[in-house]
Structure formats: structure tokens, C-alpha cells
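6 protein chains.
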Amino acid sequence: MFKLLFVFAVLILSSNASVQDFCVADLKGPESPAGYSCKSVTKVTVNDFVFSGLSAAGNTSNIIKASVSPAFAAQFPGLNGLGLSAARLDLAPGGVVPFHTHPSASEVLLVVQGSITAAFVSSANTVYLKTIKKGELMVFPQGLLHFQVNAVGFNSVAYVFFSSSNPGLQITDFALFANDLSTKLVEATTFLDEAQIKKLKGVLGGTG
Amino acid sequence: MFKLLFVFAVLILSSNASVQDFCVADLKGPESPAGYSCKSVTKVTVNDFVFSGLSAAGNTSNIIKASVSPAFAAQFPGLNGLGLSAARLDLAPGGVVPFHTHPSASEVLLVVQGSITAAFVSSANTVYLKTIKKGELMVFPQGLLHFQVNAVGFNSVAYVFFSSSNPGLQITDFALFANDLSTKLVEATTFLDEAQIKKLKGVLGGTG
Amino acid sequence: MFKLLFVFAVLILSSNASVQDFCVADLKGPESPAGYSCKSVTKVTVNDFVFSGLSAAGNTSNIIKASVSPAFAAQFPGLNGLGLSAARLDLAPGGVVPFHTHPSASEVLLVVQGSITAAFVSSANTVYLKTIKKGELMVFPQGLLHFQVNAVGFNSVAYVFFSSSNPGLQITDFALFANDLSTKLVEATTFLDEAQIKKLKGVLGGTG
Amino acid sequence: MFKLLFVFAVLILSSNASVQDFCVADLKGPESPAGYSCKSVTKVTVNDFVFSGLSAAGNTSNIIKASVSPAFAAQFPGLNGLGLSAARLDLAPGGVVPFHTHPSASEVLLVVQGSITAAFVSSANTVYLKTIKKGELMVFPQGLLHFQVNAVGFNSVAYVFFSSSNPGLQITDFALFANDLSTKLVEATTFLDEAQIKKLKGVLGGTG
Amino acid sequence: MFKLLFVFAVLILSSNASVQDFCVADLKGPESPAGYSCKSVTKVTVNDFVFSGLSAAGNTSNIIKASVSPAFAAQFPGLNGLGLSAARLDLAPGGVVPFHTHPSASEVLLVVQGSITAAFVSSANTVYLKTIKKGELMVFPQGLLHFQVNAVGFNSVAYVFFSSSNPGLQITDFALFANDLSTKLVEATTFLDEAQIKKLKGVLGGTG
Amino acid sequence: MFKLLFVFAVLILSSNASVQDFCVADLKGPESPAGYSCKSVTKVTVNDFVFSGLSAAGNTSNIIKASVSPAFAAQFPGLNGLGLSAARLDLAPGGVVPFHTHPSASEVLLVVQGSITAAFVSSANTVYLKTIKKGELMVFPQGLLHFQVNAVGFNSVAYVFFSSSNPGLQITDFALFANDLSTKLVEATTFLDEAQIKKLKGVLGGTG
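Residue numbers (full-length UniProt numbering), protein chains in the order written: chain A, 1 to 208; chain B, 1 to 208; chain C, 1 to 208; chain D, 1 to 208; chain E, 1 to 208; chain F, 1 to 208.
Worth flagging that the hints you see were computed from the coordinates, not collected in a lab. Mixed in with the good hints there might be a few duds.
Identical chains blur together in the list; that is why a pair holds if it fits in one copy or across any two.
The calculated lysine to any residue pairs, modelled on SDA-like cross-linking and capped at a C-alpha distance of 25 Å, are [as the list claims (entries may be wrong)]:
#1 Lys133 with Ser182
#2 Lys130 with Ala151
#3 Lys65 with Glu136
#4 Lys201 with Val127
#5 Lys133 with Thr60
Start from the sequences, fold in the hints, and give me the full structure.
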């Protein structure tokens with residue numbers, strides 16, 4: 001019996017040799033609109049499916065008293081093509097993740113320490129605002145502006161998960177002020193005052 | 001021969017009675033994540049697939065000297081579920097479509113009159129800026145901040161097309177200032193000065 | 001200026017009235033292959049986007065010394081159609097989430113307390129096994145068999161996130177033994193011994 | 001042990017009560033761009049997932065000496081939303097399935113009796129033509145014109161499978177000649193001679 | 001403050017270095033079912049997102065008195081993977097875009113000069129026919145046969161937009177008559193007369 | 001006339017040179033999450049779209065008295081990216097395809113000889129069981145456990161079709177017992193007895 005079954009096993013196993021259950025990112029191969037190239041299955045190990053980079057707190061010694069540590073496909077290759085990714089948020093007292101969007105993903109936030117006030121704004125300009133406690137979840141629908149603010153006097157920590165392995169991250173302040181877009185065009189397209197724009201360009205390293 | 005073929009024709013036609021080539025929006029039926037319910041095929045006419053609402057200029061007698069007229073599935077029911085929609089932009093001299101995003105669609109712009117300066121900003125905060133002339137196209141990838149400004153001293157007109165029948169439209173200024181989000185939270189999450197925020201809240205009808 | 005801008009604001013807002021940024025599940029409406037029907041936007045509140053059901057530990061006083069608490073679209077309606085959902089795993093000492101699959105989603109696991117030994121098996125029958133500590137992530141590609149076992153002598157807790165708002169959950173033991181599929185057919189299609197099948201059918205409440 | 005496990009079983013089973021593994025078509029409910037509404041799970045039986053309508057030969061006593069019997073979601077409700085459907089082709093000697101397309105699906109053909117000459121034409125107007133014997137497969141990429149012709153002097157039978165539960169079927173001759181499109185417009189848009197058009201309109205029951 | 005914020009900015013920017021907001025086509029790299037390979041972001045400029053090739057009229061000195069100028073991903077690399085593309089139609093008096101399909105895209109037509117009579121035919125062989133004026137839109141659902149005819153005595157111009165960056169284009173006449181498919185097989189699969197087929201093969205350069 | 005039309009034909013043909021109607025797998029190129037790289041169109045022939053490997057019976061001289069012969073994209077390159085694939089099942093008397101899943105595809109089964117008893121189990125652990133005769137179809141929704149057993153005293157043959165060109169195949173017995181997963185972990189995660197596990201590991205070549 002063993003012999004016959006062995007024949008069967010080999011047959012099935014070899015027919016499976018080319019099956020693509022996953023596509024661990026080969027960051028050096030060509031990219032396609034569907035993501036990174038796949039690493040050869042023979043080189044894949046369990047470590048491609050495990051990520052330890054979010055276990056330590058990020059550095060919050062900065063102006064926003066916060067940090068965002070990504071675990072997208074570029075950092076965590078096992079996620080490539082699976083429609084999921086993650087990030088860790090650390091918010092010191094007073095910490096803020098400023099208004100931002102993820103161009104191609106919805107997000108679910110899980111508070112694991114402290115408490116976080118978060119909101120998103122819909123296309124109809126309605127604000128959906130709530131303070132989320134440890135163990136609670138909040139969802140931010142795809143592409144909409146949202147922010148997170150520490151709601152307590154000690155460090156808060158959250159993990160966020162995205163519906164894409166490459167969700168993108170566009171922080172509104174950085175998009176408006178941290179590049180060479182002329183003050184005149186920023187003024188015309190945001191209705192902000194010139195002085196305000198120049199001030200933020202100065203702080204964020206923008207020019208023009 | 002006619003008789004036999006007629007039999008065949010009836011057979012095929014009846015088997016096709018339930019085929020769903022399209023799903024014209026029934027705006028009063030239940031909505032699903034995939035879009036509006038489908039209008040009964042027996043009530044569908046060619047007029048469901050034609051839209052005249054963008055043939056006239058929009059009203060630009062407003063603070064932005066511009067108008068955006070949508071032809072999304074809600075206005076143009078034949079688009080429902082087909083992954084496409086449109087809008088018309090009218091820009092008077094000095095006209096501006098302020099910084100905005102479409103949460104779930106990429107956009108292609110076609111200038112049909114005048115000339116328009118447009119830009120989008122990537123997640124890496126790079127600005128892709130160009131003045132587009134009549135007959136030229138520009139593409140804005142999904143979910144990224146972009147704007148359009150009239151580049152000439154007379155009316156410019158453009159049509160834009162989206163990769164979704166419900167692309168959404170989130171104008172950054174409106175999302176930040178035209179609702180009841182408290183000045184304090186806007187300040188914390190945008191780094192704008194309090195006076196600036198209160199000024200724009202006043203102009204845009206926001207409170208708090 | 002206020003007056004003109006107000007006109008503009010009203011115009012944009014009304015054109016947005018029908019925009020579908022999200023589709024909060026109306027659990028009583030018809031379902032489609034894309035998910036639940038959408039609740040009317042006028043009835044949506046921030047509470048639809050927040051879920052507190054995973055903040056408390058699940059009951060692990062059972063044979064597997066573990067619990068799985070879902071936050072799928074049926075429990076957390078704001079997730080409907082957004083391609084994301086979550087669950088909480090509580091594992092007492094010796095606790096096990098037995099071999100199972102999610103028929104239509106990949107999964108990312110985040111350990112928030114303790115340590116968990118997890119593995120998935122590929123189509124080529126390779127085992128990808130690792131013990132995951134607090135703050136670490138592990139990804140389980142779509143549809144593949146996997147399990148989680150508590151790796152420490154105290155309670156471990158993890159949150160898992162899925163690439164679908166309705167990922168499904170098929171526990172192999174329950175699928176094989178907790179129904180009326182005849183012992184003879186289970187035997188023929190699993191190669192398990194009759195006595196083994198009858199024993200597990202007994203434990204799990206199966207018949208036949 | 002039984003008692004504890006029973007608690008667990010009930011817990012898991014009830015949490016699964018709302019899981020959507022499938023969406024059997026309720027042909028009387030509202031349709032969405034994603035397909036038919038789902039029949040209540042409590043009314044679903046195995047017969048929804050089985051279809052006997054293709055086991056008998058179709059009637060080939062017609063001008064094309066062939067028949068096409070569909071098993072799309074409208075006929076076979078269990079397919080709804082699963083991205084698959086089927087049809088049976090019966091070709092008497094001289095039988096032909098004329099040039100046609102499936103607007104939203106690719107097709108795989110399996111010959112189960114006889115032999116069939118089939119071809120598709122690419123966008124570059126290249127013809128991919130082959131005679132397929134019993135047990136062989138041929139694939140027709142999405143939306144491209146293709147035909148099937150009986151290659152032997154006795155009945156041939158094939159089953160075809162589609163990558164959509166509603167693939168559609170547009171037979172070019174019927175689209176051109178079996179409706180009220182004016183002869184003048186058909187002439188202008190096909191370069192066929194007026195006499196040829198009028199002849200085929202006559203045969204196929206078209207007017208104008 | 002500047003120093004701290006600068007640290008933050010660098011951190012975020014570098015984490016974004018691998019984000020894939022877009023995938024400009026590298027026409028020389030390998031293609032995947034999802035489209036062309038992505039050009040390195042460091043080589044991408046705004047010109048990849050702008051296309052001027054449709055600003056001039058196409059040459060209508062041909063038998064159809066019309067021209068179709070594509071702006072698909074192959075011509076306009078910035079569109080790659082974004083689910084959108086475009087084309088320009090020029091129709092001289094009497095000009096016709098003959099019956100054709102796009103195998104994998106729906107289409108929206110915008111008339112920018114003159115007037116165009118257009119129609120599509122559904123799977124149920126119903127004709128949806130309308131004359132579209134300047135500024136009006138018409139949508140053609142995916143994969144269905146359609147045509148456009150100049151409705152006025154002077155040049156008409158339209159732009160069309162597709163729900164794919166590679167929509168394909170299959171002109172029925174060319175598919176049937178501009179290749180080496182034998183007259184006998186064309187006759188059998190279209191019911192056209194042999195003389196008609198030979199005539200059109202002659203005109204369109206077909207053989208056999 | 002010929003000359004002018006010829007100009008037109010050349011123009012259209014060349015504009016189509018880059019159109020991607022299909023993406024025949026180049027098994028040696030890089031893979032992406034969307035499938036294999038595309039073979040150059042100039043090297044594609046009709047043979048890429050035809051597969052003869054399923055016309056002969058598989059070898060059933062093995063312990064399961066059955067064989068599964070795949071026609072996935074790796075075996076049948078023309079299927080790549082088209083969302084379809086196939087396999088042939090041969091079941092000798094007493095033959096069984098044991099419990100298995102396809103991680104990323106739904107399946108339709110067509111019996112072409114004999115009779116087959118098949119079942120799938122839902123997430124709610126309900127069994128959908130039926131004996132399918134020649135010419136009948138049965139559908140197995142994505143990712144759910146299912147099996148097929150010969151229902152007659154002679155050879156039965158079926159063809160199955162999948163909603164993916166790479167559906168995967170995970171046979172539960174092989175996943176549990178044909179690798180190096182320790183007996184202790186299998187015991188903990190399946191509730192099977194140690195002796196049972198060791199017996200099946202022995203038969204299937206597993207270790208540990």
C-alpha cells in the first residue's frame with residue numbers, strides 16, 4: 001500500500017510544484033501593477049511570512065510626538081499580493097498623526113495601549129469622530145481624510161491594518177508644504193494665507 | 001428555412017432574457033457595495049445610456065470662479081457598475097478647482113477649451129505639475145491630491161473621466177473647514193494657525 | 001465673498017449627496033455577492049465605524065481552552081464592502097485554535113499578549129511554522145490550512161485581520177465530524193479509522 | 001469534555017450563522033452589478049448547487065444544425081457570484097455555432113463527443129484555428145470573436161465553461177440582422193451590400 | 001523645532017520610498033496579466049502622465065472617412081494599471097467607425113465637435129441608438145457591438161474613454177475579412193454569401 | 001478604394017500591435033501576484049490555446065484508485081490571467097478524491113462517464129451531498145472542503161473547471177500527514193489520536 005500511495009503522493013506533489021499559493025516579494029525583480037515579482041518558492045522560508053519590525057516602539061521625539069512604522073509589502077515581503085498590510089502608531093502625550101489619506105486602501109485601527117481620538121471626513125464633509133479605547137476598533141473607509149490624536153497623558157499605541165499590501169500614505173501637510181510647489185499655487189488652491197504657507201514650508205523644508 | 005431559424009432565434013433570445021449586459025441604476029432600490037440596484041431591462045431605454053447634463057457651462061459666479069458638474073452613476077444611471085464616470089470643469093479667468101482627491105478612482109483630464117495648469121502630489125510628496133492645452137490629456141493616479149487652475153485669461157473647459165462609476169470627491173478645504181470639527185483639533189492635526197482656521201471656517205460655513 | 005462661496009458649497013455638497021464613500025451593512029436588506037445592502041447615509045453614525053466587541057477577553061472555559069470572537073461585517077457593519085475584517089483570539093494555557101481555513105481571505109495575526117506558535121501548510125504540503133511573540137506579525141495566505149497554539153503558560157491574546165469583510169471560517173474538525181456526513185464517507189475520504197471518526201463525531205455532536 | 005466542547009461548538013456555529021460562503025441567486029430579488037440577490041441560507045439545499053439541464057442533447061433541428069444550452073446563474077442559481085458558468089453545445093453534421101462573443105468572460109471548451117473545428121480572432125485580426133478532438137480543451141480569451149463548427153459526419157458535443165456567472169452571448173449575425181436597425185445604417189457600418197443585408201434580415205426576422 | 005520635524009520628515013519620506021502610487025509602463029520590461037512592468041520611480045517625470053498625441057486631428061482620407069487614434073497604456077504609459085484609457089475619433093462627412101467591440105472595457109463617448117449617431121446592440125439583440133450632440137455623453141457597456149457615424153455635413157470629433165488601460169479594439173469587418181480565414185469557414189459561420197465575402201476580403205486584403 | 005482602405009487597415013493594425021488580448025504564460029519569466037509573465041505575441045500560436053493532456057485517462061493504480069490531472073496555467077499556458085482552468089478526474093471502482101480545498105477558486109464539476117457522489121461542507125458545517133450522473137454539473141464554492149467518490153462499479157470520469165488559472169489544491173490528508181509537522185502539534189490541532197496520526201504519517205511519508 002505504501003508504495004502505491006507513494007506514487008500518488010509524488011504525482012500530486014509534482015503537479016503542485018508550480019502552484020502559486022503566495023507571491024513573496026522579490027524587491028529586486030520587476031514590479032507590475034499587481035505588485036512586486038515573486039521570489040522563487042525554493043528560497044521562501046517561514047521568516048518571509050513573519051515580521052518583527054513592529055514589536056518595538058517607534059521614536060516619538062519629534063514635532064508630532066508620534067511615529068508611524070509601516071509593514072507594507074516593501075518591509076514585509078510575505079504580504080505581497082495578499083491584499084493586506086499593517087503599521088504601528090506610537091503617540092506620546094500630545095502626539096498626533098496629522099490629517100492624511102491612504103490612496104488605495106481602507107484601514108482598521110486597533111488600540112493596544114492608552115486611548116486615541118480619531119476621525120475621518122466623508123465626501124459630504126461629515127466628520128465621524130470618536131475616542132477609541134484599548135481593545136476597540138475603528139474603520140476608515142478607502143481614500144478619505146483621517147487623523148489620530150493621543151487622548152491620554154501617557155503613551156498610546158495602536159496597530160492599523162490596510163486592505164492592500166501597498167496602501168500608500170499621503171500626509172496632507174507634507175503634500176502641500178514639503179516640496180517645491182510655489183507658494184502662489186498653494187495659496188490659489190488652498191485659500192490659505194501666504195504667510196501661513198511660507199511658515200509651514202519653512203518648518204517642513206519646502207521651497208518656492 | 002425561415003421557420004427553422006425562427007425556432008432557433010426564439011430559443012436563443014429567450015435564453016438571453018436573463019443576461020445582464022448592463023445594470024442601469026435604479027436609484028430607489030437597495031444599494032450594495034458594488035453600486036445601485038439594476039433597473040428592470042424592460043424599462044431601460046437608450047436615454048439611460050445618454051447624458052446631456054454636461055453640455056452647458058456650469059456657473060462660475062462663485063469664490064473659486066469655477067464649477068464641477070458631475071456625471072456619476074447617481075446623475076447618469078447607465079454608468080452604474082461599468083467602472084466609468086465623468087465630470088465637466090468650467091474655469092473662468094482666475095478659476096480654480098482647489099486641492100482634492102477622489103477616494104476610489106483614477107482620473108483622466110481632457111482640455112477642450114483654453115489651457116489648464118494641473119498637478120498631483122505623490123505619496124513621496126513629489127509634485128507632478130504641467131500646463132495642459134486644448135486636446136491634451138493628463139492622468140491623476142487614484143486617491144492622490146491634485147488641483148486644476150485656469151492658465152489663460154478666458155474661460156477654460158475640461159472634461160474628466162474616472163475609473164469608477166462612483167469616484168467620490170473630497171475637497172481638502174471643505175473637509176477641513178466646512179464642518180463642525182473643533183478648531184483645536186484642526187489646529188492639532190494640520191499645524192495651521194488658529195486664526196487661519198477660524199478665518200476659513202468662517203468663509204466656508206464651518207463651526208467649532 | 002461668503003455668499004458666493006456658500007452657493008458653491010451648497011452646489012458641491014448636494015452633488016455629493018449621492019456619493020457612496022462607504023456602505024454600512026443593513027443586515028435586514030437583501031444581500032448580493034458583493035456583501036450586505038447599504039444602510040441609508042442619513043442613519044449612519046460614527047458608531048457604525050467603531051466596534052467594542054473585541055475589547056473583553058473571550059471565554060476559554062471549553063475543550064480547546066480558546067475562543068475566537070469575530071468582527072466581520074455581520075458584527076461590525078461599517079466594514080461591509082471595505083475588504084477588511086478582524087477577530088480576537090484568546091488562548092488559555094494549552095489553548096488551541098485547531099486547523100482551519102478562511103475560504104475567501106488572507107489573514108495577518110498580531111500577538112498582543114504572550115506568545116503563539118502558528119503554522120500554515122502550502123499546497124505543496126510544506127509547513128511554515130513559527131513562534132510569534134508580542135508585537136510580531138504573521139501572515140497566512142488565502143485559503144490555506146493553519147492553526148494557532150498558545151506557546152506559554154499563561155493567557156495569550158492575538159488579533160487577526162482579514163482581506164475580506166466576510167472571510168469565512170471553516171474548522172476542519174467541525175467540517176469533518178460535527179454534522180451528519182456518514183462515517184463510511186468520512187472514512188473513505190479521509191483514510192481515518194472508523195473508531196477515530198466515531199469518537200470525534202461523539203465529542204463534536206455529529207451523527208451518522 | 002463533551003459539555004465544554006459543546007459550548008465551544010455552539011459558540012462557533014452561531015458566530016458563523018451570518019457567514020456568506022455562497023450567494024445562491026434569488027431570481028426575484030433586486031439585482032446589483034455583482035449579480036443576483038442571495039437566497040436565504042435557510043432555504044438553500046444541495047439542489048441549488050446541482051444542475052441537470054445539460055445532460056440531455058439540445059434540439060439541432062434548426063438552420064444552424066446546432067444548439068447552445070446555457071447554465072448561467074439565471075438557470076443554475078448556485079453559480080451566482082462565483083465567477084463560473086457553463087453551456088452545452090450540440091452540433092449535428094454540418095452544425096455551426098456562428099461567430100459570437102461573450103462580452104464579459106473567457107471560455108474554455110471541452111469536446112466530449114466527436115470533433116470540433118474552432119477559432120478565435122485577436123484584436124490584431126490573427127486567426128487562431130484548430131480542430132479539437134474528444135477530451136481536448138481550447139480557450140477563447142475574453143470578448144474576442146470565435147466560432148465552433150462540427151468537424152465530423154456525426155453529432156459532436158462539447159461543454160464550455162466561462163469565467164463569469166453571467167458571461168453574456170452576442171451572436172454577430174443576430175446583433176446585425178435580427179432587429180430594427182435600418183438597412184442603411186447596417187450597410188454604412190459593415191460595408192456589406194444592401195441585398196445581402198436585406199436577405200439576412202429576412203431570414204432572421206429583422207426589419208428596417 | 002525644525003530639527004525634530006526634519007527627523008520626522010526624513011523618516012516618513014524614506015518609509016515612502018517604496019510606495020507604489022502608480023506604475024508607469026516600461027514598455028521593454030516583462031508584461032503580466034495586470035499590465036506592463038513599472039518604470040523606476042526615479043525616472044518618472046510629469047511627462048509620463050501627460051499625452052499630447054490626441055490634440056491634432058487624425059487623417060480621415062481613407063475609405064471610412066474616419067480615424068481612431070488610441071491613447072492606451074502602450075501610447076500613454078502613465079495610464080498603465082490605472083483602469084483608464086482614451087482615444088480620439090475624427091469623422092469627416094460620411095465618416096464611420098464600423099461595428100466593433102472592446103473585449104475588456106466599457107466606453108464613454110464625449111462629442112466635442114459636430115454630432116454623431118451611435119448605437120450599441122445588447123445580448124438580447126436590442127439596438128440602443130441615438131444621435132449625440134456636442135457636449136453630450138453616451139456609454140457603451142463592456143464587450144458589446146457598437147458603431148459611430150458622423151451625423152452632420154462637416155467634421156465631427158469625439159473623445160472616448162475606457163474602463164481599462166488596455167481596452168482592445170476588434171473591428172468586426174477586419175476580424176472577418178482581413179486575414180486568412182477561408183471563405184468557406186466565413187460563409188459557414190456568418191451566413192454571408194460567398195461573393196460578398198470574397199468582395200470584402202479583396203477590399204480589406206484578406207486571403208483564402 | 002483599395003489603396004485608401006489599405007492605409008486605414010495598416011494604421012489600425014499597427015495601433016493594435018501592443019494590444020494585450022491575452023497573456024500566454026512564459027513559464028521562465030518573472031511571476032507577479034497576477035500570474036506568469038506574458039510570452040511575446042510574435043511567438044504565440046494556436047497550440048498555446050489548446051491542451052491535449054486531459055484526453056487520456058489518468059493512472060488509477062494507487063491507493064485512492066483515482067487520479068487528478070491538472071490543466072492549470074503551468075500546464076496550459078494559454079489560460080494565464082484569464083480566470084479559468086481545468087482538471088480531469090479518473091475514478092476506478094472504489095476511487096476517491098479525498099477531502100480537499102482550492103484556496104483561491106470555485107469549481108464546477110461535469111461528469112462525463114459513470115456517476116460520482118460529491119459533497120462540500122459550508123462554514124456552518126452543513127453538508128451538501130449529491131450523486132451526480134453523466135452530463136450533470138455540481139458547483140463547489142470557493143475555498144470550502146469537498147470530496148468526490150465513484151458511485152458505480154466501473155470507471156467514472158469527470159472534468160472540473162475553476163474560476164482561477166491557478167486554483168491551488170490542498171488535500172487535507174497530505175497537508176496534515178505528509179510533512180514534518182510534529183505528531184504532537186498535529187494531535188493538539190486536530191484532536192486525532194496519536195496512533196492514528198502516526199499511522200497516516202507512515203502511509204503518506206510524513207515524519208515527526
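Here is how each hint holds up against the structure:
In this homomeric assembly, Lys133 and Ser182 come within 25 Å of each other (Cα to Cα) only across copies, at 21 Å, whereas the closest approach inside a single copy is 41 Å. With identical chains, the CA atoms of Lys130 and Ala151 are at most 25 Å apart within one copy only, with a shortest distance of 10 Å there and 35 Å across copies. Taking the closest pair of Cα atoms, Lys65 and Glu136 come within 25 Å of each other both inside a single copy (22 Å) and across two copies (23 Å). With identical chains, the CA atoms of Lys201 and Val127 are at most 25 Å apart between copies only, with a shortest distance of 14 Å across copies and 27 Å within one.
In this assembly of identical chains, the alpha carbons of Lys133 and Thr60 lie at most 25 Å apart whether taken from the same copy (20 Å) or from different copies (23 Å).
Comparing the model with each earlier hint shows no violations; every hint is respected.
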